[in-house]
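S.K.: Hints are included, so try docking the two chains, each in its own frame, into the full complex.
Taken in sequence, the protein lines are chains A and B. In this text, residue positions in the first sequence follow our numbering: the first is 1, and each later residue adds one. In this text, residue positions in the second sequence follow our numbering: the first is 1, and each later residue adds one.
What the hints contain is simulated information worked out from the structure, not anything from laboratory work. Even glycine gets a Cβ: it sits at the ideal position worked out from N, Cα and C. Careful, some of the hints might be misleading.
To be verified - Quick list of the computed label-pair ranges, beta carbon to beta carbon:
#1 ASP254/A x GLU58/B: 50 to 56 angstroms
#2 ASP160/A x GLY169/B: 38 to 44 angstroms
#3 PHE221/B x ALA211/A: 40 to 46 angstroms
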Amino acid sequence: MPRFPILAALTAATLLALPARALEGPAVTLDDPYRTGMLGYLQRELLGDPAAIEFDSRVKVMAPHSAEDSFHVPVTVDAREIEGVERIALFVDYGPIPHILDFYPGDAEPWLAFRFKIDQSTPVRAAVMTADGTWHVGGTVVDAAGGGCSAPAMAYASDDWEEKLGDVRARMWSRTGRVRVIVDHPMDTGLADGIPVFAIKNLDFSDTEGARVARIELHEPVNEDPAFSLRFAKGTLTGPLTVSGRDNNGNEIDATIPYDGAIR
Amino acid sequence: MRPSRRSLLAASAAAMVAPHTWVRPAWAAPRLSYDLVPRRVADGIWMLEGTTEYFTFENGGNIVNTAFIETDTGAVIVDTGPSRRYAEELRKVVTAAVPLGVAAVINTHHHPDHFLGNQVFADVPVHSLPETKSLIAEHGDGYADNMYRLVGDWMRGTEPMPPTDVLTGSDLTIGGRSFAALALGGHTEADLVILDRRTGTAIAGDLAFLDRAPTTPDADFGRWHASLDQLESLETSGIVPGHGPFDTGKQSLAQTRAYLHWLDAAMTRAAEEGLDMVEAMNLPLPPAFAAMGAQPVELERSVSHLFGQYERAALPQVN
Chain A
1 MPRFPILAAL TAATLLALPA RALEGPAVTL DDPYRTGMLG YLQRELLGDP AAIEFDSRVK
61 VMAPHSAEDS FHVPVTVDAR EIEGVERIAL FVDYGPIPHI LDFYPGDAEP WLAFRFKIDQ
121 STPVRAAVMT ADGTWHVGGT VVDAAGGGCS APAMAYASDD WEEKLGDVRA RMWSRTGRVR
181 VIVDHPMDTG LADGIPVFAI KNLDFSDTEG ARVARIELHE PVNEDPAFSL RFAKGTLTGP
241 LTVSGRDNNG NEIDATIPYD GAIR
Chain B
1 MRPSRRSLLA ASAAAMVAPH TWVRPAWAAP RLSYDLVPRR VADGIWMLEG TTEYFTFENG
61 GNIVNTAFIE TDTGAVIVDT GPSRRYAEEL RKVVTAAVPL GVAAVINTHH HPDHFLGNQV
121 FADVPVHSLP ETKSLIAEHG DGYADNMYRL VGDWMRGTEP MPPTDVLTGS DLTIGGRSFA
181 ALALGGHTEA DLVILDRRTG TAIAGDLAFL DRAPTTPDAD FGRWHASLDQ LESLETSGIV
241 PGHGPFDTGK QSLAQTRAYL HWLDAAMTRA AEEGLDMVEA MNLPLPPAFA AMGAQPVELE
301 RSVSHLFGQY ERAALPQVN
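In isolation and in its complexed conformation, chain B is listed as follows (with noise of 0.2 angstroms):
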């Protein structure tokens, strides 16, 4: 096997630590642990909030939100983190607060932040929709190698490991408590929203985003706004949105849609208006998303993701 980027960042490292002579300096100190803090947003479900920022050598990936739900066979978690370290805090974090320990796994897409934490619920079945299965094994060790471009040494001996099991049903009931699997889309090519039938507490994935800029690398606004349209429609007592604060009310909904109108709208007259992506990427932000998390770096994002389909629409084929 040819060696790859993190084996050899891996074998390096090992070789520096080794001789015990060797002095670490200020800036490689170890400080390397996330505080997880769990927080209790309805009975039996807890969140833990990331910073809503873009990834970083600071925040080292915990810029998304993740969830646990206690049943009568222990806790379901919705979604792993960005890396192994994360996942090892969190499993610490869930087995104190349920003793029972972890019951199973639930992804809710195929995005690194959501999944990479995989490997320490190798124990467990982890479930996710069979596109998100797919998406995961065919990109996981993509992700992998360009988180650690992106945070660095918190993703040491992090390596994707995709879902084990495929929800096919809306319904699914795991230790007694009974949960409504929604298979949306439009964030991704597929994304599952968890609804707890005993608290009404819907937890998103990134269908959702609170005070933080939505990211687009994969997304289908078309399908976006029906999914939005769905979670709308349903009876919940809060939202878990994938970035950003608990929701009490539906306004991760609004404001996401608001957002995606926007970015839909400015890109239109843009390229209408005849402007390359570099002044795409420069355009004022109202200032309700100005404030979002993440900005103005995820509406550079946006423009290279989807700015080559709007200009293509604009341009008339001339020969």
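Chain A extracted, bound-state conformation (with noise of 0.2 angstroms):
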């Protein structure tokens, strides 16, 4: 009989269990190009492990070879080339929080532009479903020095940021079919010292009769005054926009992107 036989049955239990789950494989095995180690796991914890997932050239991911700014990365996806694309997952491999945002387009292009936090060199990668249930990814590689994830939002540094929080800078170009959108939030990744999560949840975009159009759900990665571009089909966008959301905190995020044409 072993001496501490609770821990041991502990240990036995923990045995069990843990590789049952780490041994688990993706129900599809990618060939992945940049052959990180981490595919597997983030199809099965990001995506719920689909059964239909591919590369897929049409799925530009676009972002500077370096990155300049840890604490604001540029990325632009262009999913343009698919049909029938309802759901944009956007992650990295290498990160204490892989994912970045899920972008459902609606009535929007699939095609988004924003900015994160890197915490170290990764590849980018988007994850695109189709209405068949098919996930198509894409990805690039940007190199960093890195501690985007855990220093303090730069807000902290002045003392009006309180005031600012939740302001809506926006536009729309109707002829181009842009809609660009900035709304201050120190999106706090939880992981600088005594600093807990403080991030938006969601950023809705709606018409004058309220249906939505697209729709944006953020993770803590997204960079301090979360910044977003939309395209519309030229033609489409014919009178205001609002732009709604709320944090984890409650707080609500409400604005109407002025249309700048003649209402018809």
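M.R.: Structural data, given as structure tokens:
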């Protein structure tokens, strides 16, 4: 009989439980060009281990080769060559919080520009889900000195950040179908000493009738003062859009992006 | 003390070299010499011209111009390069040209390629503007860490050393040679220009770039243009730019000015059209600017540094 029966039992339970989880591969094993060893895990944890998933050169992820500013790495994802896009998940392989955001384009084009905080050199990937449930994956690599996730927000260097919280700057270019929005928010990751998670959860874009036209679900890696560009097919922006959302402390975000042309 | 990444790298490098049985693969063969060749550009003034590239493992950070001036008590060195190794070679070539050796060092500004060789000159006064001294004290370690990442082993043994002496007046005399020390700014918070009164040679630091894209991590365009105006008004026989070849006229000032104007206009337009950073980074460069060294890398970096201000100006608050 072992001297520490409870400990032994616990150890045995752990040994039984963990390997089963760790050794479980994804439903589809992809031949990852970046060979990070992380993709199977991310397929399971972020995408729900889809049965249909493939690399697809039509998913274009564009970012600078090197992150000049670890707190604001700009990324553009373009999946406009793919029909029927329902969701675009953006994530990194190496970072304490891999999941950056999910974009549900709705009436917008499957194209999004955003910025995120980088913690080390990593692939940045986009997984695009189409209506038939198939996932299409693309990505690029960003080199970085890192540290973007574990430093306090710049906002705390000023004493009026609370007054600016939730301020929305935005503009529409109906001629080119573009919408650009910046929301003032610290987007704390919870990884900086003594600062809990404080982050916007979602931003929904709606038309004047209240019908939702696009949705972004944000996670902690999105940059401080999140900045997004969306694109709509030419001629489809015919009135103002509202943008609304909420952070994890219940603060509401609410603004109307004025229409920049003549109302029909 | 917590071991820094550098001390760990140094320790692991030492551990690898220690056993004599260890055979160095071809890619790790030592080729770490900057091969510095001073070029005499005026009476008693030499320039060491770096490449016009961005930092790479191949160039070891020798992308910068340094200079030295002979005086009655020895050489005055202006900027010390990106690493200890660079500055050791610099000291050798200076001593070969000026037998009295080094009398003093000047740092034009606080960017890493201009001061990280300071430690090799710890036995002489190292002068800078007061802001430069405090910026080096504040950011020196961060710069050194990043340089290790960008150029690797060339940096071995490099430790940042802030300047020792602060320049206050606009006149500076060392070893009987008199200089105007112009406290300008715009490329960084404090940019020092040294004008040699004997020859009319200006050592302009990074206020002037020639055939190499200007860098903007700490730029203030308004101040930078005002500084260029002031340099334009000086009677100079030649300019040592911070990067690029010796300028026998004032072409470096005109080129830097034209690029900054273009950058400002291009980013204003991009923000006004609703472009995002990645799109702004991929804007087509006019041929004259595309031909500059370190492009399009510097455009990409400049967009990272500056675009946020432009887009905030272009987007009205809507709630």
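S.K.: Indicate, hint by hint, whether the structure satisfies it.
M.R.: Going through the hints against the structure:
Checking the proposed 50 to 56 angstroms range against ASP254/A and GLU58/B shows it holds: the Cβ atoms sit about 53 angstroms from each other. One distance hint, 38 to 44 angstroms for the beta-carbon pair ASP160/A and GLY169/B, holds here, with the actual separation near 40 angstroms. With their beta carbons about 44 angstroms apart, PHE221/B and ALA211/A fall inside the hinted range of 40 to 46 angstroms.
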